[in-house]
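Keeping their order, the protein sequence lines are chains S and A. Quick note on numbering: the first sequence equals residues 0 to 145 in numbering that gives the first Met the number 0. Quick note on numbering: the second sequence equals residues 0 to 386 in numbering that gives the first Met the number 0.
There's no promise every hint is true.
Unchecked claim - Computed beta-carbon distance windows for the label pairs:
no.: 1; chain 1: A; residue 1: Thr187; chain 2: S; residue 2: Arg113; range: 27 to 33 Å
no.: 2; chain 1: A; residue 1: Glu66; chain 2: S; residue 2: Pro76; range: 31 to 37 Å
no.: 3; chain 1: S; residue 1: Val11; chain 2: A; residue 2: Val121; range: 55 to 61 Å
no.: 4; chain 1: S; residue 1: Pro18; chain 2: A; residue 2: Asn59; range: 32 to 38 Å
no.: 5; chain 1: A; residue 1: Val121; chain 2: S; residue 2: Glu34; range: 36 to 42 Å
What the hints assert, rightly or not - One-sided and incomplete, this derived list gives chain A residues near chain S with beta-carbon spacing under 10 Å:
no.: 6; residue: Val128
no.: 7; residue: Gln131
no.: 8; residue: Pro135
no.: 9; residue: Gly137
FYI, nobody ran anything at the bench for these hints, they're computed from the structure. The beta carbon of each residue, even a glycine, is placed where N, CA and C say it ideally should be.
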Amino acid sequence: MAETTYRGPVPVPTPETKPFWEAAKQRVLLVQECETCGHRYFYPRPLCPRCFSSRVRWLRCSGRGRLHTFVVNHRPPKDFPLPAPYVIAIVELEEGPRMLTNLVGVDPDPKTLRCDMPVEVVFEDITEDIALPRFRPATEKPDEPR
Amino acid sequence: MNPRELRGKVAVVGVAESDELGRLPHKSALALHMEASRNALEDAGLRPSDVDAVFTSGRNMANDVPEYLGIRPRFVDGTQIGGASFLLHVEHAATAIASGLCEVALISHGESGYSRVGMPSVRWGPDSVNLQFEQPYGVGGPPTRYGFVATRHMHEFGTTKEQMAEVAVATRKWASLNPKAFLRDPITVEDVLNSRPICWPFNLLDCCLVTDGGGAVVLTSAERAKDLPKQPVYVLGTGTCVTHQMISQMPSYSEWEAARVAGELAFARAGVKQRDIDVAEIYDAFTIVPILALEALGFCKKGEGGPFVSGQRTAPGGDFPMNTNGGGLSYTHTGMYGIFLLIEAVRQLRGECGSRQVAGARTALCHGLGGIFSSAATVILSTEPSP
Numbered sequence: 000m001a002e003t004t005y006r007g008p009v010p011v012p013t014p015e016t017k018p019f020w021e022a023a024k025q026r027v028l029l030v031q032e033c034e035t036c037g038h039r040y041f042y043p044r045p046l047c048p049r050c051f052s053s054r055v056r057w058l059r060c061s062g063r064g065r066l067h068t069f070v071v072n073h074r075p076p077k078d079f080p081l082p083a084p085y086v087i088a089i090v091e092l093e094e095g096p097r098m099l100t101n102l103v104g105v106d107p108d109p110k111t112l113r114c115d116m117p118v119e120v121v122f123e124d125i126t127e128d129i130a131l132p133r134f135r136p137a138t139e140k141p142d143e144p145r
Numbered sequence: 000m001n002p003r004e005l006r007g008k009v010a011v012v013g014v015a016e017s018d019e020l021g022r023l024p025h026k027s028a029l030a031l032h033m034e035a036s037r038n039a040l041e042d043a044g045l046r047p048s049d050v051d052a053v054f055t056s057g058r059n060m061a062n063d064v065p066e067y068l069g070i071r072p073r074f075v076d077g078t079q080i081g082g083a084s085f086l087l088h089v090e091h092a093a094t095a096i097a098s099g100l101c102e103v104a105l106i107s108h109g110e111s112g113y114s115r116v117g118m119p120s121v122r123w124g125p126d127s128v129n130l131q132f133e134q135p136y137g138v139g140g141p142p143t144r145y146g147f148v149a150t151r152h153m154h155e156f157g158t159t160k161e162q163m164a165e166v167a168v169a170t171r172k173w174a175s176l177n178p179k180a181f182l183r184d185p186i187t188v189e190d191v192l193n194s195r196p197i198c199w200p201f202n203l204l205d206c207c208l209v210t211d212g213g214g215a216v217v218l219t220s221a222e223r224a225k226d227l228p229k230q231p232v233y234v235l236g237t238g239t240c241v242t243h244q245m246i247s248q249m250p251s252y253s254e255w256e257a258a259r260v261a262g263e264l265a266f267a268r269a270g271v272k273q274r275d276i277d278v279a280e281i282y283d284a285f286t287i288v289p290i291l292a293l294e295a296l297g298f299c300k301k302g303e304g305g306p307f308v309s310g311q312r313t314a315p316g317g318d319f320p321m322n323t324n325g326g327g328l329s330y331t332h333t334g335m336y337g338i339f340l341l342i343e344a345v346r347q348l349r350g351e352c353g354s355r356q357v358a359g360a361r362t363a364l365c366h367g368l369g370g371i372f373s374s375a376a377t378v379i380l381s382t383e384p385s386p
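Chain S with its partners taken away, still in its complex shape (with noise of 0.2 Å):
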């Protein structure tokens, strides 16, 4: 997709952020974690947020996960993509970190959401350089590849 045609906003990675992007790009989610105390821990940091330690390392996640909590937000910020009512997740990865997503291929209603329940990462290609990690309810065959 073009970048003059997506209106939300688009991340500008850092220095520090950068290889998260570009693996979302190549459909591969990426967590930290600290080889020093064992913290994993999102989004990318240069150290260790627990321990200091910058003995940090990139780790592939899954892409699975859980609905940690969620809203439905009906007044989306002026030139969000998505159409309103649409779901704001906070999804509680396999690995331990939390990210803040959306939560897409359901039906935006409180009723037939819950929290916990088991949730897949999916990519969205907003620009050339940059790809969305966004999350949907986990399918049949969670171990398959993406």
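Assemble chain A onto chain S, guided by the hints.
Chain A in isolation, oriented as in the chain S frame:
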């Protein structure tokens, strides 16, 4: 100095709002600062030249406010932790006064939250962590982020939208007794549940107002306070905690950690217990916030905030008077509401509240929130320096 030694050493001696509250397109944010500061100094029986310390919040405000007011403070603090800032400023002011760094502290707030007149721009850059990791998903105003906590709390503890609505109904009852409140018509739980959906689980009446206004608080030493016209209201204890900025980094969505820490610090330093609190002014940006705050502050157990506010317990005539000015939900909410918690608590302790006066109020708790459950600051005030 042991923080417990601060207990009762400093007093609030003046409080006031700006001349008007509400929708004020004819007044800039700085003009609202000035009106509120003038009114609070008059309330304190002090002049601008008596002020030697200024506390305020907002981008560049620690430079802008002293210049606009013509005050040259030798102690200044522009700490910005959102709506809890002015309660944090009480802690900082009390510390500074007690240690002799200053004598008369002015905490000033002015915000054109609705009309946006003379407001500094606060936008994140596209390479900020906010814009990289939250904004692309359609988070916008506060309702899109506070709701995560309400949803998880409902899931874990069975908290209901009806219980949240009870907070709005009780708060409106207090507002109906406050001539300065923006919304004063009575509402029912059904009205809240049937109001326009904003961001589930919030309907319109679960959300605070958006208004323009100013507020100011003047503090000085307990010793000097004795010579001033109004009954001093003593700072017994304070606490502050910050845990995150982005909502995706909140440590838990079913408890408010910053509030728990701030509350524990304030109660320990004040040397009082929850049962000693006669009136509670608790930041109510959304109906879920006081529910989480009551749990975090130890007024009820974790998960029991919903039942606690049921049956109009926090309304006039209830056994837990809360947000007696009508709160951010019905009285005013400029964006950083915290100063108004202090103003109302001081008036309650002075017995100045007319038909909404809580009889015999001697000890009050003010609890502020900043960001999206990001920060909390608690201030416990009393009519006696060591009750």
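To see whether the hints hold, each was checked on the structure:
no.: 1; hint: A/Thr187 x S/Arg113: 27 to 33 Å; result: holds (29 Å)
no.: 2; hint: A/Glu66 x S/Pro76: 31 to 37 Å; result: holds (34 Å)
no.: 3; hint: S/Val11 x A/Val121: 55 to 61 Å; result: violated (18 Å)
no.: 4; hint: S/Pro18 x A/Asn59: 32 to 38 Å; result: holds (35 Å)
no.: 5; hint: A/Val121 x S/Glu34: 36 to 42 Å; result: holds (37 Å)
no.: 6; hint: Val128; result: holds (6 Å)
no.: 7; hint: Gln131; result: holds (4 Å)
no.: 8; hint: Pro135; result: holds (5 Å)
no.: 9; hint: Gly137; result: holds (5 Å)
Going down the numbered hints, you'll see the structure goes against just number 3.
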